[in-house]
Structures are given as C-alpha cells and as structure tokens.
Amino acid sequence: MRTEDKLRNNRLVFYEKDIKRIDRVLEEFLKLSGAKLALLVDREGHLVTRQGAPVEFDMDSVSALVAGSFAATREMAHCLGEDEFSIMFHQGKKDSIQLTLVGDRTLLGIVFDENTTIGMVRLYAQEASRRLTDIFEKSDRENREETPMEQGFANDAKDKLNDILGE
Amino acid sequence: MVQINFARREVNCKIVYYGPGLSGKTTNLEKVHEFAPKEHCGKLTSIATEGDRTLFFDFMPLNIGTVAGMNTKFQLYTVPGQTFYESTRRLVLQGADGVVFVADSQKDKFDENLESFENLRRNLKENGLSIEELPLVIQYNKRDLPNIVDVKTLDKALNADGRPYFEGVAVKGTGVMQTLKAVSGMVLETLNTRHRKTRRRPTPDTSAIEAARDAGKTATKEWTQPGPQLIGAGTRTARAAAGSARSAATPQTRRTDGHSRQDIRRGVPGEAFPSRADTSRFPRTGDRRPLNTDTAGRDTRTIQRFEQKKTNGIWIAAAVTVGAAAALVGLLLVLFS
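Each protein sequence line maps, in turn, to chains A and B.
According to the working numbering, the residues represented by the first sequence are 1 to 167, in order.
According to the working numbering, the residues represented by the second sequence are 1 to 337, in order.
These are calculated hints, taken from the structure and not from any lab test.
Heads up, a few of these hints could be off.
Below, a list of computed lysine-lysine pairs in the BS3-like style, where the Cα atoms sit at most 25 Å apart [unchecked claim]:
1) K181(B) / K158(A)
2) K43(B) / K160(A)
3) K158(A) / K38(B)
4) K160(A) / K181(B)
5) K94(A) / K43(B)
Using the sequences and the accompanying hints, generate a full structural model.
Written out as structure tokens, the structure reads:
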C-alpha cells in the first residue's frame, strides 16, 4: 500500500453532503420503523450523525460504549469461529437498543420503545444499513480532493489546550 | 483514527493510556477530570469491577472548543492493565491516534513495565499501527514512593526512541496535564502533516475557502454526487429474535490505594426533532401511530382475534346443527323401522 493510501485510510472524513444524505436515510428509517433515535457511530466510538428524539444522555459516552460493546462482540464472534456478529440487541424495560454494522467502519445504533417491535426495527434497519453502505461505497469511489484544514490549526489547538490544561 | 466531520464541524482524536496494572492510568484520567474546567470535560465513564479495577476501559471526552471553525475533541481512554485482559487491551487500542504509556516507577514493577511496553508494541502492530510512527509519550509515575528506579534507568529500558517523557505523581495531579498536553500536541501536529501529505491535487477554488476563513467560518467542500438510490423497502422478511448481553464476572484483585472512581453525570441537551421527509415512495406513509392500530386507534390484533373467534363460532354452530339433524334422522329411521 502506498504511503498516501495508508495515511488516507488512517482517518475518516465526513463531508457535509455525505451527512445530509445519511440524515435523510435515518429520517426515513425512523418514520418507517417507529424507532425513537438513530445514531451513526464510527468504530472508534466517535459520533458521525444522529437523528430522532432529543436525548438527555451524554452522546459522546454512549457512542464510545456502543463502539466498545460492538468490538467486544466481534471478539466473541471470533472465538466462536464467526467473522462478525452484524447485529446486537439489548432489551430494557422501556427502551431497547439495536446495533447494526454498516459497511466496514460504522455502526448504526437504534433506540426504540414499546411503540414498535424488534421485527419492524430489524426489517427497516437492514434496508437502512444497505442504503448507508451504498452511500459510503460511492463516496469511497469518488475521486475527490481533500478539504484542507485551516493553516495553523495545530498551533491554535495547542494554544487552546494550554488555556484549558494550564501552561 | 482521526475523524474529521465537516457537517458537525468536529475533529475527534483518540488518545489511549496504556501501561501495567495499577500504574495509574485511571488516576490520570480522574485528575484530568478533576482539574480541567468542567465545561470542557464530559462524563468520566468507567467500566470497572467491584474492586475498582478497570474491566474494559475508562473513557472521558475532552472538548477543547472551536479551533479554526472546528469543534476539537479528544476522547481519552484507558486500557485494563491486568495481564489476562489482553484481548480487551487490543480492542481499546484500535484506531488510537496517540498513546500515553504510564510506567510504574517502583523497583518491583520494573519487569512489568517492560512486559507491558512490549505488549503495547505487539498490539499496535496487530492493529496495523506502528509504535515508531504513532505519537507516544511516557509518564514515569509514582515518583513520590520509596524504592523507585531512577528515571535514567527507566528511560534507558523503555525509551530507546527518545520519546518525550514526564515524571508524575498522578494521585496528586503532578505531571498529569503536562503529559496530556504533550501527547495531544503531537497528535495535532500529525493531523496537519497527514492532511498536507494526502492532498491529491491543489484545491481549485481556494478563494472561497480564504473568504470563509476571513469570515471566521470553515469552508467545506461538498460532493457533487446525486442522491442515494432508493432500495425497495419492505421487501425483506423481518426476523424476530431477541438477545441479551451479559457481562462476564471474573475474579479480581481489589485496589488497595482506597482511591475510588468518580461518576459524575452531566446531561447534554439534545436537539430538536428533524423535519419530516417525503416518504411517499415507501410502503407506509410516514405516520407515527403505534403499530397494530388502525386509523381510529383501535388495536387491530384484538379486532382480528375477535373476527377469528366469530368465524370459529359460526362453524361450530353449523357443525352442531348438522350433527343434530343427522341424529334426528337416525332416530326417526330407527322408530319407523
């Protein structure tokens, strides 16, 4: 692998237009499935985008836990001779969450309650996952230019760090 | 793996604290949480055992605010140090952008430090990362204790590449912030370097970006690709299945330093519900009424059960009538014969 390709693979860049398309898919998914909330999280636990009802929980923590939980499940799958478990489901008294693998690098977390059923969520989640995978594949194929970070981004960020953490 | 999200105007970086068991990785995170301004720290989440030993990871987001129009966040993780959590350590290390190796300075921990450092090298390699290329800072912790190895000896054993290192007393917060600042700075430098290296060709329309920069906004380059193709919804059969997750209990060594974890909850206000999109091409019309109800709000499953019972009743009545008639005919035949 060329150095350029290696470095490209070392990060995830989401452009505004990608996110708009992803958001449209998630919106439609929520309407069809009756789920409350849909989160798209990358495998490192960073939130990519979300659609649905307002939430009171810390989205960063939930995203990290979703990714951690999925990573642990994958190890379990390896122990059982599977490549991957593509779906995980946690049932609560009121709310439940289903995690679905989308492509290679992202996870779709769906929060739903008794207003819908696991079957409906699973049905439409499969569709949504396929459509999101299509979006990612198209974006990967597209020969696009990088949007440069602002000049001096690192220095400005380090100044901020000094302000927050002390000199 | 750094995530750059131009839609959310966010840059996310992952920093992992690595090291042998009880070297002070979690304490480092706790002190950052304690000393950094509250508005910049998210919730400190620990997946730990009853004995306060890290089972999976500790996690804390640190938001340094808007830099050049991008909200810049560091996600801080620790790994479980105990030897038998090898696979868990490898998982947490996935996609790390920077690593802090927290070494225990005590003499009897010397070999554990070496072993853990080799383990770090091996796990990075398994995750497709190279210890030589990754931003790495070493913290020699517990410098206030007796029976410690001198820094020169530790550095010779652990830091052959001449990485930045700091002496620390994490329980008092000494060296914690310096360590974090050093590794964060290295990650940010790498981010700039990577961006410069990976540009395929110069951006043609730099004037727009310059103008946006002048206006204090971040310029974004959007795709020109048409919208996603619709895939026929409702064509696949739903598989109803339910599972539940159960965490495995493992015998643990309890912490002996009496240093408990913090668990500070801080709610994050959510955003408004999005506007509805056109769903006319889908089989359902996008209404959000509960499932199994008709437009009048009646439970369709109850109605179906009632209809089924009614049908069954008619059949039973018909069968009884036919039976009774047959019996009557039989009786008459017997009487007349």
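Hints, verified against the model:
1. A C-alpha spacing of about 8 Å is found between K181(B) and K158(A), which places the hinted pair at or below 25 Å, so the restraint holds.
2. This hinted pair checks out: K43(B) and K160(A) have alpha carbons roughly 20 Å apart, not beyond 25 Å.
3. This hinted pair checks out: K158(A) and K38(B) have alpha carbons roughly 19 Å apart, not beyond 25 Å.
4. The hinted pair formed by K160(A) and K181(B) meets the criterion: a straight-line CA distance of about 10 Å does not exceed 25 Å.
5. At most 25 Å may separate the alpha-carbon atoms for a hinted pair to count; K94(A) and K43(B) meet this at roughly 24 Å.
The structure is consistent with each of the numbered hints, conforming to all of them.
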